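Asker: Those protein sequence lines, which keep their order, are chains A and B. For the first sequence, the positions run 2 to 364 when our numbering is used. For the second sequence, the positions run 154 to 504 when our numbering is used.
What the hints contain is simulated information worked out from the structure, not anything from laboratory work. Wrong hints could be hidden among the right ones.
What the hints assert, rightly or not - Label pairs and their computed distance ranges (CB to CB):
{"hint": "1", "chain 1": "B", "residue 1": "S298", "chain 2": "A", "residue 2": "R306", "range": "47 to 53 Å"}
{"hint": "2", "chain 1": "B", "residue 1": "R423", "chain 2": "A", "residue 2": "Q10", "range": "55 to 61 Å"}
{"hint": "3", "chain 1": "B", "residue 1": "V231", "chain 2": "A", "residue 2": "Q10", "range": "33 to 39 Å"}
{"hint": "4", "chain 1": "A", "residue 1": "D115", "chain 2": "B", "residue 2": "K392", "range": "26 to 32 Å"}
{"hint": "5", "chain 1": "A", "residue 1": "T93", "chain 2": "B", "residue 2": "K392", "range": "56 to 62 Å"}
{"hint": "6", "chain 1": "B", "residue 1": "K157", "chain 2": "A", "residue 2": "V159", "range": "29 to 35 Å"}
{"hint": "7", "chain 1": "A", "residue 1": "Q10", "chain 2": "B", "residue 2": "G246", "range": "35 to 41 Å"}
{"hint": "8", "chain 1": "B", "residue 1": "S497", "chain 2": "A", "residue 2": "T83", "range": "38 to 44 Å"}
{"hint": "9", "chain 1": "B", "residue 1": "Q317", "chain 2": "A", "residue 2": "P6", "range": "16 to 22 Å"}
{"hint": "10", "chain 1": "B", "residue 1": "A158", "chain 2": "A", "residue 2": "P245", "range": "33 to 39 Å"}
To be verified - Not everything, but these chain B residues come out facing chain A in the computed CB check (under 10 Å):
{"hint": "11", "residue": "K283"}
{"hint": "12", "residue": "D289"}
{"hint": "13", "residue": "Q317"}
{"hint": "14", "residue": "K392"}
Everything numeric in this text was worked out from a predicted model, so none of it was measured. Virtual Cβ for every residue (Gly too), placed ideally from N, Cα, C.
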Amino acid sequence: MEVIPLLKQLSEIDGPSGFEGPVRELLRQTWQPFVDEMREGKIGSLIALKKGTSRKDSDRAQGPRPKLMLAAHMDEIGLMVTGVEKGFLRITRVGGTDRRVLLGLEVVVHGRRDLPGIVATRPPHVLPEDERKRTAPWDKLFVDVGLPPEQVEQLVSVGDLISVRREMVELKNHRVAGKAMDDRACVVAMTLALEQLSSALHAWDIFAVATVQEETGLKGAITAAYGIAPDLAIALDVTLGRQPGTQDVDTFPMGDGPTIGIGPNFHPSLVKRLRTVADAHEIPYQIEPTPGASGTDAWAIQLTREGVPTALISVPLRYMHQPVETLDVQDIERAGRLLAAFIAGLEADSLEQLAWDTKAESE
Amino acid sequence: MNLKALSEAVGVSGDEGNVRALVLDTVQEHVDEVKVDALGNVLVLKRGTGRPSSTGPGSRRLRVMLDAHMDEVGLMVVGHDSDGFLRVRTVGGIDSRLLPGAILQVGSERIPGVIGVKPIHLLRGDEGQKVSKIDDLVVDIGARSKDEARKLAPLGTYAAFATQFRELGPTVSGKAFDDRAGCAVLVELLRGEPFDFDLHAVFAVQEEVGLRGARVAAYAVDPDCAFALEGTVADDIPKDKDVSPTTELGKGPAITVMDRSFIADRRLVRLLTDTAKELGIPYQFKQPNVGGTDSGAIHRAREGVPSVTVAVPCRYIHSPVSLLSLDDFENTVRLMREALSRISWHTLRRN
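All chains should be built: construct the whole structure from the sequences, respecting the hints.
Answerer: Structure below.
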């Protein structure tokens, strides 16, 4: 599968938190050839099952096959209508939307029909000096859909969601920029892994989940993980890429491979196994020290039911939560390969090997 | 109406070639003479049909100059970082609040470039309230080294916003409506039947960096009167205080009586308002003292030129995407055509 066309398609489709339908329907078609079953979680996550070979379905006596959950979120940050005034829409944010990058942005308002619009504020020509020097506050930001006020009142209501409208562009050196790379890039990585596994046998059941509402509190991961009750889980997300104005300890270079997180959110033996697989397959990776909350689906999945050994693979990305999220597509391919190789290497008794083990840890 | 093609053409001040080619291509068949001057202005003559003696004193026809500027605001590459980022400065007035998150087309190859800022996740204190200065912003084209960046976008390379033209219903959106809207009005006027007078159309360069193209063009044309056609500020967005909207969308062409660059000639203002009233064409006055246009240069050419500015109201000019009403556009064309058909030496007589 070609990475860039798939990423372009997924990046450009609308899916702010709570309005992930268009992404889900696209993924249903994309995943169809690679998985055995698909279902929609109760709040909208897409849960696909690719069955393992360790035991036959009919062989009930031996118990169920072990389950690995993969999670990448399909929602993106966005905006919501909070009022209509003189035909202009008042707005608030959905998730961690950054108002510094909103001015002059084209959007789509999901009203009774989709309406193209522009994020607007008063022009600088007429603003007092002090207002021009501050980021426009939320109460001075509007969306303009270019229609007469009467028509706007009919088509738009408070609570309607708004997506950023942005075509992905290809930069030099296999880098791309666009909206919603957080976390559609990892949806692509997960898709690549599923494709690679379609020609390989694997012992474990693989539950690939495109989660909803990550940006508003990991809601899709919390609920999907409960439903699946996985034995192991790997979340995939983006991490801060190195860029001007940031410290090296906070960020990771693009193009040097995905990161593997280390810290309380992650099971040390699982991390070790991922590193071993990456080394064996000569897949470049970086270590991402994560002293506390990872801010990803992994944080929620780890605490599902009685607890789940969890790991996190991340793709470095510049300008996070801006409509120019930039990354190196090689890092997506590497994340996909690492995932597929890890899954192919899982054996029926791998879970026992991953149990807390002082010897393994001290190695 | 060819606003789409004009809007999507790239022409930052000093680099108007792309727009110039489009203009030349579009107007050639409708006019008598075309030339490009030393600065890059397109000077067009569409001869009048009136008998010289009937329309002017002595032996010549009235000369009317219609001006619209081709250039748009943008950026220029002024340096390269060791990590391959481009250092830039603005060409013309760009509100720096608009730059973060923008996509640009860099150079004649239109290489995509983006401007990002420090992620929201790493902001401390009130950092998020501050607007980044142009010195602190860089353009990312994906280059990995200084050498690569320098090769792809050498010093002096221009960059423009990358925005598609869209129809939103009664309105349209796109980049550079200031002043491709004026260019489109001017093209419409040139397409029509000739007037009595000699029409000198000027598609001017370098308005955004100081009304420079119009200045030499007005000298060359030496007109008896002039109209600058513009896309101007509409500020009809909701606001706390009850202040003038400058101009409003949907209320018709905006006539400037005075701005920061000139005082309009009252006889030309009267011609426009009388014509509008007679024909029931909506019009509005632009709030005095906001902005400046090519009239600021034209009215002081040689011994002086009676001038006025007529504009299509546009929201969000000088930003990646502006918006105008198609009704306003059509009414601007109509008002100009009708007013011009009524113009004569008589119009310019002092009462």
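Asker: With reference to the structure, classify each hint as holding or not holding.
Answerer: Consistency of the hints with the structure:
1. S298(B) to R306(A): 47 to 53 Å: About 50 Å separates the Cβ atoms of S298(B) and R306(A), which means 47 to 53 Å holds.
2. R423(B) to Q10(A): 55 to 61 Å: With Cβ atoms ~58 Å apart, the hint holds.
3. V231(B) to Q10(A): 33 to 39 Å: 37 Å, holds
4. D115(A) to K392(B): 26 to 32 Å: 28 Å, holds
5. T93(A) to K392(B): 56 to 62 Å: Given range 56 to 62 Å: violated, Cβ gap about 19 Å.
6. K157(B) to V159(A): 29 to 35 Å: About 34 Å separates the Cβ atoms of K157(B) and V159(A), which means 29 to 35 Å holds.
7. Q10(A) to G246(B): 35 to 41 Å: 38 Å, holds
8. S497(B) to T83(A): 38 to 44 Å: 56 Å, violated
9. Q317(B) to P6(A): 16 to 22 Å: 20 Å, holds
10. A158(B) to P245(A): 33 to 39 Å: This hint holds: roughly 36 Å between Cβ atoms.
11. K283: 7 Å, holds
12. D289: This hint holds: D289(B) lies near chain A, its Cβ roughly 7 Å from the closest one there, short of 10 Å.
13. Q317: 8 Å, holds
14. K392: 6 Å, holds
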